[in-house]
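Trainee: Sequence:
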Amino acid sequence: ATLDPRQSGRLIDLPGIVKQLVEDWKPLGSRHGIDVEVEPAPAIPWLPGDRERVQQVTESLIASSLHRTLEGHVAVKVQRLEVTDGEVEGIDVPLSVPIADGGWAAVTVSDTSEGLPEAAAAALLTPKPDPEAGQMGPGLSMGETRMIAESIGGFVWANPAGSGGSVTFAFPAG
Numbered sequence: 074a075t076l077d078p079r080q081s082g083r084l085i086d087l088p089g090i091v092k093q094l095v096e097d098w099k100p101l102g103s104r105h106g107i108d109v110e111v112e113p114a115p116a117i118p119w120l121p122g123d124r125e126r127v128q129q130v131t132e133s134l135i136a137s138s139l140h141r142t143l144e145g146h147v148a149v150k151v152q153r154l155e156v157t158d159g160e161v162e163g164i165d166v167p168l169s170v171p172i173a174d175g176g177w178a179a180v181t182v183s184d185t186s187e188g189l190p191e192a193a194a195a196a197l198l199t200p201k202p203d204p205e206a207g208q209m210g211p212g213l214s215m216g217e218t219r220m221i222a223e224s225i226g227g228f229v230w231a232n233p234a235g236s237g238g239s240v241t242f243a244f245p246a247g
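So for the sequence shown, my numbering puts the first residue at 74; every next one is plus one.
In case anyone wonders, no lab produced these hints; they're calculated from the structure.
No experiment lies behind these values; they were computed from the predicted model shown.
Think of the CB as a built atom: it goes at the ideal place given N, C-alpha and C, for glycine as much as any other residue.
A portion of the hints provided could be inaccurate.
As the list claims (entries may be wrong) - DEER-style ranges, computed between Cβ atoms: (1) I164 / G89: 13 to 23 Å; (2) K92 / P121: 15 to 25 Å; (3) E96 / T157: 28 to 38 Å; (4) S224 / D86: 18 to 28 Å; (5) L168 / P121: 20 to 30 Å.
Model the full assembly from the supplied sequences, consistent with the hints where possible.
Mentor: Written out as structure tokens, the structure is:
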């Protein structure tokens with residue numbers, strides 16, 4: 074069976090988006106001695122979603138990571154998640170993130186920095202939007218990034234201390 078144009082226009086190639094964004098940001102990273110790479114992951118089929126917003130959030134996380142990383146690397150990983158009874162296998166989800174049962178896609182951007190500044194991490198959890206909170210340089214603030222993720226039913230969270238500047242973006246994927 075083939076998809077009509079309306080159906081195919083609502084599908085996204087998440088690994089393709091990530092690969093293109095990493096390629097776009099590699100030159101900036103290399104000018105600063107930072108490797109930008111995609112971590113190997115199992116094949117992920119095309120997913121239902123809002124390509125533009127998924128790309129905005131992912132690019133914001135990569136840009137933020139490059140901005141705060143002084144040396145080392147930035148790695149981007151794509152995963153397909155199944156949530157059953159609130160449990161997610163293969164990824165740590167904070168208790169404050171009410172991720173629903175079903176299929177999800179996740180993009181984790183990790184780096185060798187000391188982690189998100191306190192204001193940026195707080196902006197990911199703030200219930201009321203504050204566009205200036207967590208400003209990480211050019212582009213979107215962490216508060217704006219969170220709001221875009223939430224507009225498509227997704228979440229963004231900083232991973233636990235000790236994992237460097239690791240931030241995950243997850244969104245429903247059927």
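Trainee: Taking the hints in turn, state whether each one holds.
Mentor: Now for the hints, and whether the structure bears them out:
no., hint, in the structure
1, I164 / G89: 13 to 23 Å, "21 Å, holds"
2, K92 / P121: 15 to 25 Å, "20 Å, holds"
3, E96 / T157: 28 to 38 Å, "35 Å, holds"
4, S224 / D86: 18 to 28 Å, "21 Å, holds"
5, L168 / P121: 20 to 30 Å, "27 Å, holds"
The structure shown violates none of the earlier numbered hints.
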